[in-house]
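Following the hints, put chains B and C in place on chain A, whose structure we already have.
Chains as they are written, first to last, in the numbering used here: chain A, 30 to 401; chain B, -3 to 494; chain C, 6 to 340.
Worth flagging that the hints you see were computed from the coordinates, not collected in a lab. These numbers were taken from a predicted model, which means no experiment stands behind them. Glycine included, C-beta positions come from ideal geometry on N, C-alpha and C.
Facing chain C, according to a computed beta carbon distance under 7 angstroms, are these residues of chain B, among others: (1) Tyr313; (2) Leu317; (3) Gly426; (4) Leu427; (5) Cys431; (6) Ala456; (7) Pro457; (8) Pro458.
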Amino acid sequence: MRRVLVLMLLMIIPALTGCAVTGEVENQAYALVMGVDKTPAGGIDLTIRIPRIGHGDSGGEGAVGKGEPYLVLTAGGDDYAQAMEHLQWAAARELNLSHLNLLIVSEALATGADFPALIREIATTRHLYATAGFVVCEGRAGDFIEGQETLLGSHLSSDISAMFRHYAAHGFIPGSTFADLYYATLSCYSDPTGLWGFPDSGEQAAAAVIETDESSLNAQTRTASSRQYLGTALFRDGVCVGRLDGAETLCLNLLTRRVDAFGFEADGRVWALSSALPPRVRARRDGDKMRIDVSVSLVSENPGDPAGAEAAVARAITQVVDKCKALRVEPFGFAAKAAARFATLDDWLQYDWRARFPEADVRVAVHIATAE
Amino acid sequence: MNRAQVETAQGVLSGDLNENIAYFRNLLHADVNSDAHFRPFMAGGTRLCVIYIEGMASDQKISDFILRACAADISEKTLPITPESLMERVVEIAQCDTEERVPEILDAVVTGMTAVLVEGADAALILETRGYPARSVDRTTNESVVLGAQEGFVESLRTNMTLLRRYLPSPHLVTEAMTVGTAVPCRLSLVYLSGVADPEIVNRLRARIKRVDVPTVMGAGALGQLIEDRPSALLPQILQTERPDRVAACLADGQVALLADNSPCALVMPVSVFHLMHAPDDAFARWQYGSFLRLIRVAGMLLSVFLPGLYIAMTDYHMHLIPMSLLVSISEARVNVPFPILVEILIMEFAFYLINEAGTRMPRQIGGALGIVGALILGQAAVAASIISPILIIIVAITGLGNYATPEYSFSIALVIYRLFVILAGALLGLYGICIAGFCITASVCGMRSLGVPYTEPVAPPRPHNPDLLLRLPTRMQRRPMPYAQQPNWMEAHRDEA
Amino acid sequence: MRLEMSRSAASASLIAALTSRLFYGLTLETADAANAGWMAALLGLALSLPSVWLMSRLRPPARRALALPLLVGLALDAACTVECTAYSESCLAFNHVAPVFLMLPLLAAILRCAWLGGDALGGAARIWTRLFAALMLIVILYQLPYYNAGWLMPWFGAGGGGILRAGVRAAGWNVLLAGSAAGICREEIGFRRLLRGLLVSTAVAAGLVALRQMMAPAFTSEAVTRFTRIDTLLTNGRAPLYLQLPMIVAWFGGMLHLMCFESVAACALTRKLLPNVKEGACMALGLAAVFALALLRVSRAVATLKLAPYLYHALTAAALTLWLVKGGEAPCAAS
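One chain only, chain A, in its complex shape (with noise of 0.2 angstroms):
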């Protein structure tokens, strides 16, 4: 019997063909970023950018200043798999995209009615990363990419987390990612977000501190890239229906998790704030009607009566939600609280929470305690 054993697995062991699809680490294009773009004739384009290895500059740090670290390849196809066959022969090596750090659409794409369905075909790609930064872009997509700058002279990869943490944190975007948009679309809970990116005309970045007008939350600082991110892409049902700025991005990110730091204009003076506490979001259930209560405590490092401060945060979270209301968009993370108060997924899905929540009795009740 033994001799059988060792036998059958001496036999096994060359059957073993497991190593005869090794791809050697070298031999991998790791693509960091990938832009999606609907053509004019309905097919798609795909972009994307690879450090470039074995030229001893492929974006290590100090990378800045020995010619471009990065290749920037683009393919088309009929639909997304063509596209992405495509790119395979275009990138000349094993495409990899396990490490996508960003994954950029065209406005025009994500506001098709089949993105949804593009969504799923895009997940469902092997080894993709899911937890890249999502990106709703103006224009194309591969311009995009191309316009993208190295900022920290470092790799495109800690450059883009190190901007998008620095920018969630103080609530200009929010912290969505392709994992959140997509399994938002196969589930019943609020709708995804997506970062807004836009190509830098100048404007925007006027100043490099916070600035006391009305739109003082859009301000960005100037920076050596082309290509900004602020803001936020809302989706209904998987398709992009609208869009906050930053300081609505703001208001947002107050109902839905903790902002580190941000400036608020009121009473004629700009009120450093924070949030102390993630936000406290009650729903009860009145007869058909939802009613959310949220309470936001924030920290003011200002002296003085914090009264119309807590006013004009209220207010201007407020508008935040109607303006989601009209859009028929939920981004806020309510549908988990509301979904509480029901028995069963069959009841929540009978409810419509998506149809209903513009109905639904949004309060915002704000507290600001002023540091000591």
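Just chains B and C, lined up with the frame of chain A:
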């Protein structure tokens, strides 16, 4: 053939001294053997003959305490001269006995004792006169410690037993003398603490030693292979140590030790895989330090087995698990390397083992050259020639360090072989293969036994035990039962009282 | 007999195997309970207790007779596990490799494990439970910022019917594995020890199912595939990349223990049914059956989708019938 010849041929002494001498001369090949000495002399009118091996027995002891004593102290009371009367009234050597059987007499003589044959007696007097040269007790060479005792076993069985007695001066310390080897016996000593060691385990070991049916056994290492539970298993099932303090600690825990003549190490049984991870000085350091160092050691061992396999699995199949910055660095470093990662790793591993083995065998005078060869060839030239990538040197270096952190030599070699297995599994099937390899290794380890006791006891199967396995917990928690000891035992009773 | 296990080995193996079975069953195979999978695990425990109690009290002849339905269930379920393990590896890295090549290493591992014997498997399971706890602790600590408790709402998920359906499946796995543990134990294992195994496995599996549910919302779209479920489990898009390593190790380790336990138990029960056949032959027979089912993909079609809900009913009915026909109240060892 006369009666005397018949008796000697049957293995017992006859009363004829000449016959006996002739017989022993024949057995010891005295006509060609220059160091076998037969010294006839007269005492009290009786003919006697001293038989000894030059160099093995001390000439001085023979002259002073046998020949001179026999010449001086023979009186009326001693007569007639018999081995018994010599032992009781004449000879001034403490350790002596009479023996009738020729094989036993012969064994005694070849191991350095002296036999005194007496005319008319059918027994010989065996006297302890061993005086062969032996290495003095010295520092251990393979099991160095920072804290704790520094002395190690030597090649002399007697010295080794003395060392153990010094560490465990207890009347319960039993050292059973045995021999192994059917043609050329090797002297052994089975050591245990009576009333602590499980009698069943002691009997099992006795039975295994009795079952050994080989002409000769060259030391403890060879003996260990003959009595272990599963010779085909990779991991050692017997702890081989050259430290008397470690053996003493094991004996106090109810384990059994085996000392062999001419072996500077002891065999300790039964052992668990956890024993092989423990360093001798763990017990001497405070529990916090001991736990920390043990964690480092266990991490080193795990790295030693799994790191190269993980490297190849992640770089070949699971690039997504490597941060992008590192991935780019690895890719850049590998661009000019002509070999696949598997070949690269195997080259480096082979080079590493080669240097290791060369370092062990190399004469000390030229040992310094080895460092130069290793550093230059592996460290610089190989990278410069793009035979290997720099990152791999780091991987192999960490792996080697982890391996050297393994306190038990045999265990560390087993880990190296496991590492090769894991490398192949990782190369063929990535993390999936490594998980399968890890599972097979764990199951194999759990299926092993040491002297009939499960190798992973007391964790699997679970037994009440001292928590001193992976971590050394505070000493107040270390009063639980000893898994190998008989229950109850006096050692535990004392611990409980303490 | 080498394939049999000691009480402690059977208990440890039951915990390691059943935890994995419940977890992968309720997250990958059964979408019935939606986000109330953890409730289904608890319901499964409640439903399975009477059957397991009956099984533990059967007299030896009745227990031998019960080996047949258990064997059928084990072979199918082991095949199903083999297939799922190979498929998950295919999703993870080997999408270009034929499933048979991913299953063959598993066969080698199971052969090795069966050769080492039941006690070795039990020992490995005991060590695995500790390692698994450490791995899951790392996973949970990393995932902590990403958990969304709101996705557990509504509490009853797909509703009573869905929870019941998933609960019956979970009960089927409980009965199958606990009955097998009792069947291959060389001593009387006793109900209390089985109960402890069921309780621990269910508690851990229910907790993990709930945590997993907090990482991805309940999918209500019909477009959700098995690939999506595996993908959200192993390479969850809401978790960082480096988190995948402990998760992958935990996943494959758990699956290996499950399939080895099921395969070794199938071999041991074959031996029980055919006492005159050599142990080696029983091993070959049992493993051949498992792999034939896995390679023919019968396992997915039948065991997962159709057999699993009936497993509970069939085994319970068998235990009850044997109790009535052949008698129960076996002398149980103190557990």
